[in-house]
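Note that the protein sequences, when read in sequence, are chains C and D. Going by the numbering used here, the residue at position 91 of the first sequence is 1411; the numbering climbs one at a time, nothing skipped. Going by the numbering used here, the residue at position 61 of the second sequence is 81; the numbering climbs one at a time, nothing skipped.
Each hint can be trusted.
Short derived list, chain D residues pointing at chain C, Cβ under 7 Å:
| id | residue |
| --- | --- |
| 1 | LEU63 |
| 2 | THR120 |
| 3 | PRO125 |
Covered by chain D, according to a simulated footprint, are these stretches of chain C (three or more residues, beta-carbon under 8 Å):
| id | stretch |
| --- | --- |
| 4 | 1365–1374 |
| 5 | 1403–1413 |
In silico lysine to any residue, SDA-like type, Cα no more than 20 Å apart, as pairs:
| id | chain 1 | residue 1 | chain 2 | residue 2 |
| --- | --- | --- | --- | --- |
| 6 | C | LYS1322 | D | VAL80 |
| 7 | D | LYS64 | D | TYR122 |
| 8 | D | LYS87 | D | ILE65 |
| 9 | C | LYS1362 | D | ALA23 |
| 10 | D | LYS91 | D | ILE65 |
| 11 | D | LYS64 | C | TYR1369 |
| 12 | D | LYS56 | C | PHE1418 |
| 13 | C | LYS1419 | D | ASN71 |
Rather than coming from a laboratory, the hints here were simulated on the basis of the structure. Glycine residues also receive a C-beta, built at the ideal position from the N, C-alpha and C atoms.
Each chain, written out:
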Amino acid sequence: QKEVEQDPGPLSVPEGAIVSLNCTYSNSAFQYFMWYRQYSRKGPELLMYTYSSGNKEDGRFTAQVDKSSKYISLFIRDSQPSDSATYLCAMSARTGGFKTIFGAGTRLFVKA
Amino acid sequence: DTAVSQTPKYLVTQMGNDKSIKCEQNLGHDTMYWYKQDSKKFLKIMFSYNNKELIINETVPNRFSPKSPDKAHLNLHINSLELGDSAVYFCASSRTEQETQYFGPGTRLLVL
Chain C
1321 QKEVEQDPGP
1331 LSVPEGAIVS
1341 LNCTYSNSAF
1351 QYFMWYRQYS
1361 RKGPELLMYT
1371 YSSGNKEDGR
1381 FTAQVDKSSK
1391 YISLFIRDSQ
1401 PSDSATYLCA
1411 MSARTGGFKT
1421 IFGAGTRLFV
1431 KA
Chain D
21 DTAVSQTPKY
31 LVTQMGNDKS
41 IKCEQNLGHD
51 TMYWYKQDSK
61 KFLKIMFSYN
71 NKELIINETV
81 PNRFSPKSPD
91 KAHLNLHINS
101 LELGDSAVYF
111 CASSRTEQET
121 QYFGPGTRLL
131 VL
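Using the sequences provided together with the hints, build the complete structure.
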């Protein structure tokens, strides 16, 4: 079993839809949880960064962490064509050095 | 001003050759990383350095040798290139190990 599981998609939604992206993980030592967005032929860029369980909102983006279920989510409200990208979840733990493990990424297409 | 830069952007080479990829960050960060992203977009840590000291060395063939001449630079040298080394290599940096990682644009390596 991979440490971080993420459905690679692709996920196709109409403009204006609410998008829900999810990851599950197996290592209870993970403390920091992140969502990165990666456009085609670009490096990943950080969208959301949360520590431990709870919700965090930033504009149209909401990140949720449920440590008891080992489950994290990213919600995108009022999705736009410019949101079309690959979304990677990532999580960090100190295991012989502070290591970040990435999910496989979910490809999202938002149709105009 | 580019925060994390990598050279070259594209690298096409023959099997068996030796090549280097350079990375520079102008963010004043202490920690730098090399990641490999395969054709399925899976992003995996290879190495991390903190203040020029190797912190993480994942199970990477020892044909791959990172070198950090100073805090702002982390280069990756690859000996005896193999077909399976074809991937996108991303450099990243962060202020400390726990903080947000900023990624470079990637180096697309194709081994023929």
